[in-house]
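Counting from 3, one number per residue, gives the positions in the sequence shown under our numbering.
Certain hints may be false.
Here are the simulated lysine to aspartate or glutamate pairs, EDC-like style, with alpha carbons at most 20 Å apart [unchecked claim]:
1) Lys322 / Glu303
2) Lys153 / Asp201
3) Lys80 / Asp119
4) Lys76 / Asp51
5) Lys80 / Glu38
FYI, nobody ran anything at the bench for these hints, they're computed from the structure.
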Amino acid sequence: MLLNRRDLIVAGTAAAALPLIGAGPAEASWETLTTEPFPGKRDDISFADAAHGWYGTGKGDLFRTTDGGASWAKVASKPGTFIRALGFVDANTGFIGNIGTDYYPGVTDTTPLYRTDDGGVTWTPAELGGKTITGVCAIDVLRSQRIYQGKLEPRLVVHAAGRVGGPTGMLRSTDGGKSWTVSDLSAVAGMILDVKFFDEQTGLLFASTGRDPATTEGLILRTTDGGTNWSVVYKSGREAELIWKASFVSRQIGYATVQSYDPNRAQQLIVKTLDGGKTWTELPMVQDAKARQFGIGFIDEKRGWVGTAAGGFETRDGGKSFTPAPIARAANKFRMVQDGAKRHVYAIGTQVQRLTIA
3 MLLNRRDLIV
13 AGTAAAALPL
23 IGAGPAEASW
33 ETLTTEPFPG
43 KRDDISFADA
53 AHGWYGTGKG
63 DLFRTTDGGA
73 SWAKVASKPG
83 TFIRALGFVD
93 ANTGFIGNIG
103 TDYYPGVTDT
113 TPLYRTDDGG
123 VTWTPAELGG
133 KTITGVCAID
143 VLRSQRIYQG
153 KLEPRLVVHA
163 AGRVGGPTGM
173 LRSTDGGKSW
183 TVSDLSAVAG
193 MILDVKFFDE
203 QTGLLFASTG
213 RDPATTEGLI
223 LRTTDGGTNW
233 SVVYKSGREA
243 ELIWKASFVS
253 RQIGYATVQS
263 YDPNRAQQLI
273 VKTLDGGKTW
283 TELPMVQDAK
293 ARQFGIGFID
303 EKRGWVGTAA
313 GGFETRDGGK
323 SFTPAPIARA
333 ANKFRMVQDG
343 AKRHVYAIGT
353 QVQRLTIA
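Model the full assembly from the supplied sequences, consistent with the hints where possible.
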């Protein structure tokens, strides 16, 4: 089986919405938000609160909403930059991850990570002290605390890791992005697609064993020392697989997508952990070779969604079974936002969509 980097790109418009099996008349439904048309999938969306959100594109455009997604305005455009990941702290401060050069056509920007302090209007390259990584596919923002001189001090810990196609590396800040440590992770993973930290020391990387999508295996790594050392906690044992995106509903319970590039493999899988990522169990999702997985998002232990190249799927029993959901193709990221008594689920891919749950 021969694959190239273009096999990792999903282009085109959204497929027709699929019916949500078993939905009653009072059931909330996904709505497609009005956004600027884009010829392919958009990779990430981030909210600082119920009103303020952002999404980016592979053309370097950053869009912002101040009304919870009802309207979006372009606040910045940086041609040559591929916005792959976003992590916003508040309405002003956030981090923007760029995929980097030598992978996707038209990308000329070699800066892996930017910071904004004015809601995305202007970007400043992260100060990496002369070191760097090639590109970023995921950003994790963790609010932490430490005891300092007898007082409980808030801390903002940020991790940015990547990338698809390799080479791999991670940026880490424990002071809200003022200073960074840079780690080369090429010895432990071929690609890194997502990152999740539970505290300043304990975290997970969702990755692959190699850089060639035709031969690589899915891989999850765990650290208990802030990223100095990593141990393998899951390896798929099958070629042409990556672990693409993850979603945790608590420190203990989480899920991740197993993305397959084997055209002859119909069975799609997700993996689930009940012990904070120490061990993982494979769960069958759907029998469809065209349903290559992208993003995953759970709103509680039972209910969640998976985005695929064939549309979306929903589970209400913790991944034991899935039914089609009216989610556009290639939903790459799901974000959960609390809005008073309501909860919003945002999905971004070929479209930007929202589900509101009372």
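Checked hints:
For the hint linking lysine 322 to glutamate 303, the alpha-carbon distance of about 12 Å falls within 20 Å, and the restraint holds. With a CA separation close to 19 Å, the supplied pair lysine 153 and aspartate 201 stays within the 20 Å bound. In summary, the hint linking lysine 80 to aspartate 119 is supported, as the alpha carbons are separated by about 17 Å, within the 20 Å threshold. For the suggested pair lysine 76 and aspartate 51, the alpha carbons sit about 19 Å apart, so the restraint of at most 20 Å is met.
The straight-line distance between the Cα atoms of lysine 80 and glutamate 38 is roughly 16 Å, inside the 20 Å bound, and the hint therefore holds.
The earlier numbered hints are all upheld by this structure, with none contradicted.
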